[in-house]
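J.: The hints should help you fit chain B onto chain A, whose structure is shown.
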Amino acid sequence: MNQASKPLPVWIDIVVIPLINLMLALSVSIVIIYLIGANPFEAIKLMIQGAFGSSEGVGYTLYYATNFIFTGLAVAIAFHSMLFNIGGEGQAYIGGLGVAVVLLAFDHYLPAWMLVPMALMASMVFGAAWAAIPAYLQAYRGSHIVITTIMFNFIAANLMVYLLVNIFIEPGSMTPQSRPFLDNAWLPSMQAIFADIGIKISESPLNLSFIFALIASFFVWIYVWHTRWGYEMRSVGFSEQAASYAGIKTKRVVMITMLISGGLAGLVGINEIMGVQHKLMLDFVAGYGFTGIAVALMGRNHPVGIIMASILFGALFQGGAELAFDMPIISKEMVFVIQGLIILFSGALTYMSRPWIEKLFCVFYQTRNLREI
Amino acid sequence: MTDSPVAIELKDISKSFGSVQANKNVNLKIYKGTIHGIVGENGAGKSTLMSILYGFYEADHGKIYVNSKETTIKNSTDAINAGIGMVHQHFMLVENFTVLENIILGAESGMMLSHSIANAKNEIRKLEESYGLYVDLNALVQNIPVGQQQRVETIKALYRGAKILILDEPTGVLTPQEADQLFDILRALKEQGTTIVIITHKLREIMRLTDYVSVMRGGEIVTSLKTSQTSKEELAELMVGRKIHLEIDKTPVKPGETLIDVRNLGLTDAQGVKRLDNINFQVKAGEIVGVAGVSGNGQSELLEILSGLSPCSEGKVQISDITITPKRQTDPRAVRNASIAHVPEDRIKRGLIPQFVASETAILGYHNSSAYNGIILTKTEEIRNHCVYLMKNFDVRPNNPDIKSANFSGGNQQKLILAREMEKIPKVLLVGQPTRGVDIGAIEFIHKQIVDIRDKGSAVLLVSGELDELLSLSDRIIVMFDGKIVGQVDASKADERMLGLLMTNSYENKEESQNESSI
Numbered sequence: 030m031n032q033a034s035k036p037l038p039v040w041i042d043i044v045v046i047p048l049i050n051l052m053l054a055l056s057v058s059i060v061i062i063y064l065i066g067a068n069p070f071e072a073i074k075l076m077i078q079g080a081f082g083s084s085e086g087v088g089y090t091l092y093y094a095t096n097f098i099f100t101g102l103a104v105a106i107a108f109h110s111m112l113f114n115i116g117g118e119g120q121a122y123i124g125g126l127g128v129a130v131v132l133l134a135f136d137h138y139l140p141a142w143m144l145v146p147m148a149l150m151a152s153m154v155f156g157a158a159w160a161a162i163p164a165y166l167q168a169y170r171g172s173h174i175v176i177t178t179i180m181f182n183f184i185a186a187n188l189m190v191y192l193l194v195n196i197f198i199e200p201g202s203m204t205p206q207s208r209p210f211l212d213n214a215w216l217p218s219m220q221a222i223f224a225d226i227g228i229k230i231s232e233s234p235l236n237l238s239f240i241f242a243l244i245a246s247f248f249v250w251i252y253v254w255h256t257r258w259g260y261e262m263r264s265v266g267f268s269e270q271a272a273s274y275a276g277i278k279t280k281r282v283v284m285i286t287m288l289i290s291g292g293l294a295g296l297v298g299i300n301e302i303m304g305v306q307h308k309l310m311l312d313f314v315a316g317y318g319f320t321g322i323a324v325a326l327m328g329r330n331h332p333v334g335i336i337m338a339s340i341l342f343g344a345l346f347q348g349g350a351e352l353a354f355d356m357p358i359i360s361k362e363m364v365f366v367i368q369g370l371i372i373l374f375s376g377a378l379t380y381m382s383r384p385w386i387e388k389l390f391c392v393f394y395q396t397r398n399l400r401e402i
Numbered sequence: 026m027t028d029s030p031v032a033i034e035l036k037d038i039s040k041s042f043g044s045v046q047a048n049k050n051v052n053l054k055i056y057k058g059t060i061h062g063i064v065g066e067n068g069a070g071k072s073t074l075m076s077i078l079y080g081f082y083e084a085d086h087g088k089i090y091v092n093s094k095e096t097t098i099k100n101s102t103d104a105i106n107a108g109i110g111m112v113h114q115h116f117m118l119v120e121n122f123t124v125l126e127n128i129i130l131g132a133e134s135g136m137m138l139s140h141s142i143a144n145a146k147n148e149i150r151k152l153e154e155s156y157g158l159y160v161d162l163n164a165l166v167q168n169i170p171v172g173q174q175q176r177v178e179t180i181k182a183l184y185r186g187a188k189i190l191i192l193d194e195p196t197g198v199l200t201p202q203e204a205d206q207l208f209d210i211l212r213a214l215k216e217q218g219t220t221i222v223i224i225t226h227k228l229r230e231i232m233r234l235t236d237y238v239s240v241m242r243g244g245e246i247v248t249s250l251k252t253s254q255t256s257k258e259e260l261a262e263l264m265v266g267r268k269i270h271l272e273i274d275k276t277p278v279k280p281g282e283t284l285i286d287v288r289n290l291g292l293t294d295a296q297g298v299k300r301l302d303n304i305n306f307q308v309k310a311g312e313i314v315g316v317a318g319v320s321g322n323g324q325s326e327l328l329e330i331l332s333g334l335s336p337c338s339e340g341k342v343q344i345s346d347i348t349i350t351p352k353r354q355t356d357p358r359a360v361r362n363a364s365i366a367h368v369p370e371d372r373i374k375r376g377l378i379p380q381f382v383a384s385e386t387a388i389l390g391y392h393n394s395s396a397y398n399g400i401i402l403t404k405t406e407e408i409r410n411h412c413v414y415l416m417k418n419f420d421v422r423p424n425n426p427d428i429k430s431a432n433f434s435g436g437n438q439q440k441l442i443l444a445r446e447m448e449k450i451p452k453v454l455l456v457g458q459p460t461r462g463v464d465i466g467a468i469e470f471i472h473k474q475i476v477d478i479r480d481k482g483s484a485v486l487l488v489s490g491e492l493d494e495l496l497s498l499s500d501r502i503i504v505m506f507d508g509k510i511v512g513q514v515d516a517s518k519a520d521e522r523m524l525g526l527l528m529t530n531s532y533e534n535k536e537e538s539q540n541e542s543s544i
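So the protein lines, in turn, are chains A and B. Residues in the first sequence are numbered from 30 upward in steps of one, following my numbering. Residues in the second sequence are numbered from 26 upward in steps of one, following my numbering.
Note that these hints are calculated values from the structure, not bench results. A few of these clues could be false.
Below, a list of computed lysine-lysine pairs in the DSS-like style, where the Cα atoms sit at most 25 Å apart [said to hold, decoys possible]:
#, chain 1, residue 1, chain 2, residue 2
1, A, Lys280, B, Lys374
2, B, Lys449, B, Lys417
3, A, Lys278, B, Lys374
Pulled from the structure, derived: some chain B residues nowhere near chain A, Cβ distances all over 10 Å [stated by the list, open to error]:
#, residue
4, Val265
5, Glu469
6, Asp507
Every value quoted in this text rests on a predicted model; they were computed, and no experiment measured them. Cβ atoms here follow ideal geometry from the backbone N, Cα and C, with glycine treated the same way.
Bound conformation, chain B alone:
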């Protein structure tokens, strides 16, 4: 693996936070003008390693060489001076600034803004032309789609003279088409000599895009490989340290009675914008219906209405024994009592309370049950036992009900929430983003549980941003765009390309999808 000079070399980098060792003697070589992928589960130390490279953290020991020169990087200014730029997973943009203002933010020259703006415009034009990175410089960042926002981040880094670009989970918020465009841009950058490091957990992207790939596990680099000499399966196994079944075995669907019946549902927000428009669909007992869509196209609103969190403004929903109309609103407690369980999209903000210990989180929503309460006092011991029981059933680690919910990994938090919601085998299960930020090992487990509960006769509505997940779990998939349902397809007949086009409302063959919806 020595065909070009080394852009970055990390030698024996170690970093610990208290007693947690996030990086352990990491050695890594990144060759100039290549695309280098770094994969690993959550908590494997990828982000910490890149944060050290970008100067957010300082390594406890170890050395960083940039272009074969030892470099000390104490903060992001050092990193930028060394030619390293970073595109963060959560964009660091000022929402109500224009694109141009965001790009020059922090890199203004001189006192007067107009001077820097004129200079910047020329330079950005050049960048746009050479890499195909087109953006509207005068648009407000809050008004442009996420794909564009990411381009702004990329231009920001290049404008600062980055020769080495680090991208942290760049495709998490993109549609497949947007991701393709991003990859084209990255390839163009590579052609012109930029070195690219990409952190991701999507193995498919690694296989398609990168020249080299390094696998991290438990804070260490397990191995570095040439991408052309490995496979998805091998990488998954290296990441987790054991064999992984990426495929899900599913029995054929046996739909029962209709448990969710949504008719002409609409929602108009306070600004008069239609968030949901004439939504119609059914979910029957024993089937999983997936909801696809670029985030922000009404999926979250749909889940909130079905779970009683917010009211609707038009139409009618019959879900389990509950009827929801604009006049007849419901609330989460009534919904839960009607045997409807809800795994919310945002587990940190809604699904659990980070400051609560696990046993308290394990009864959230069920805390009024007589099983956990005396006349006045709560039954602390019963609550603990219940939590231990849930943890055992859903393999939550560490198996300790007294640890704060925030101190569990994302996957274990999610397993605890799923355990809580699935324990009583609900008639209806509403699931939002069940595996967002969850490691591969836990994903396998969570998927199995969702299929299991479907086989036990629950009606499952699954909202997810992961097309893989929707395709492998769902029996049917409905696609939302701009608050409307733009397609309803049989999951076995759908593929990623088709969903991607539907999600951006650019699918040519509308006839076909409508025909399928009537099946």
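Excised from the complex, chain A in its bound form:
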């Protein structure tokens, strides 16, 4: 009774508020596009068409979404034990390294059906290992995980430059990237899979990883809400004191959670390195790790929300690229502004509109109750 805030029904929290935030971001974007002299509605139409208007567009949208699901899940699962893992970027990068190490070592000797699970394992183990050090420092040494994971992003970036320039570089090449993998080490594209069952879709980077992303979401849902380990994880997240009262080893839970989180982020390597690039290269993570934070915030740390938010962000990336191409007055930077606004409103300002929605709801609720009387 001390708090004036009253719990809102779940559907308002997970559907209405994100939609309102999205609308707010779009309204500001419309003003900005109008101010630079373009037709905002034309621009939005182009964006939506670019993202969903063709099977190629949809392919790209879902390909981007795959990365966002992995990094979004990574942020979300850590958040359930109150750990803010900002290191998805670095963990994804090192996850990609793991994939490349396995594929470069074995693509001459092993068939695809063996390489896929090995690469999956490698991406998760490498991503988890990269998260393990900040996790250890947080759990046993009290260094704040936000600081250490940010630092580890930089360390990962520099490590990868070193490795690519000095070790993985293709002999005789001037660009710091590895040799391409052999065909059997390529993850089948969705186009190929659909062709096998007789459906023709256009070419896009979308590959089997999207299915892995959906499976990972299901796994996270089960783990967090339907296992005793998830129970312990949430206990630690909500109240460390209550968790230790309950005999939960909080430090171990922090370690396990961060290992899973890093492993999920590492799976970006499967999509990018095994599914699309087919070689190890610089900067393939391209900010997916950071966008994952906004995705997790918007998806309310729930796998279903994260899938939906990922598709939205995928559409923004894909539609934005099309927009910049079709409407020269809107530069690539302009598209970044629109993306930034959506991240700002639905990520950073998630709860901005909450107070007045609560008020509105209370008024509505009361009048309805009065009517019932």
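T.: Then chain B, alone, in the frame of chain A:
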């Protein structure tokens, strides 16, 4: 009841939070220069009503008259301007400021602090002298005892010109002696014309201190009475709406084997301060041993060591099958497996997880049991059923395992925790503050359960700040002061005055208490 002019009149005050109606058409008259008590269970709407008066909330409708003049109070500044001051239950003080800085905080005059300080000092001197409100103005608030901190809060209100003083549960953290001093000060204030409103759930204080008393129940004022024309029993009945047995029927103690044996236990914290010093006592099966003491004198540390939450630095504890020494530490899981149950002092921070639904809270600590787990998945249905079962046994309301733990009232949260910890009839039950912030109806029930489990053969160690509770539940009481045991008395031979003096280590007749401890 019209012997003096009215200081505050509330007319038809209503306030609701969403669908919860916290105050319903409240009408209340408070006469000038009187002490007016407001009693009611938790959630009866006392605090909401006072928050409306002090401007924390705005009433949905209704009017407030201060000195017969209609007054709009939208925030605490309005309240202060209308001459209303409030002493909160949880003090609103800046810990690392001095007393003086705290008093003038927010009421500084002019740009330069030194100017306001000089002015303030004179004025505070006057207040001190006229009401006996002495405090060391230069001491840091964090270094003075709670009783003094409360005086600082009171001076703060008076310094701002309060003619009407509201005190919310003022004696919750005080020893009986400190409470007496507070009452003397309040009487002095009243003599000089200040009107005092006191919110409390301690009926004894109402009877001793107040001129008028209003009883609240379910957001409404049930009745307003002259204190001299009512009794504790009548007030309790009015508060709850049914007859209440304040006395507990207890069979004589039949102690069995020793289940808690504490020898020379000591704890030195990281700053080198001795928190526990040479603690020795035993608890046998079938008896309740109470631990009395002003909070912060080592009781919490003792509970934490016994429950495996923190290590000790000296001595030895044998509790159930567990041995604790500085070298041989244990953990809460091992303790629980040895049939030791623990109802923690702070139920919100430790005993439950507010964001969890009731069924999740109902397995906290027992969540690894094979009864609730398959190989991988948890057995959601079993967990729900278990919670429903506990709720039924311990009368937890509402009887719904899917409601968030935070949305239960304090009493029902506590009943759920007790149900969880008592369900398997533990050999040892460690209980901290079982009825803090719990309403009278639930207190009656909780007390009965604690006595019940003792009769079933559990050894119960009860830490409580409520002397009434300790005196009526315990078979023996040990008193702690400054990390040491300063007295051990037979509960039937102890009284509140004696415990109060022991708690402040000012009991003259030490011989007697030592003799009794050897019984």
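J.: Each of the hints needs a verdict: does it hold here or not?
T.: Results for each hint:
1. Lys280/A with Lys374/B: Measuring from Cα to Cα gives roughly 18 Å; hence the hint holds.
2. Lys449/B with Lys417/B: Given pair Lys449/B, Lys417/B holds - Cα atoms ~15 Å apart, limit 25 Å.
3. Lys278/A with Lys374/B: 17 Å, holds
4. Val265: At about 19 Å from chain A, Val265/B clears the 10 Å cut-off, so the statement holds.
5. Glu469: 23 Å, holds
6. Asp507: With a cut-off of 10 Å, Asp507/B remains clear of chain A, as the shortest Cβ separation is near 25 Å.
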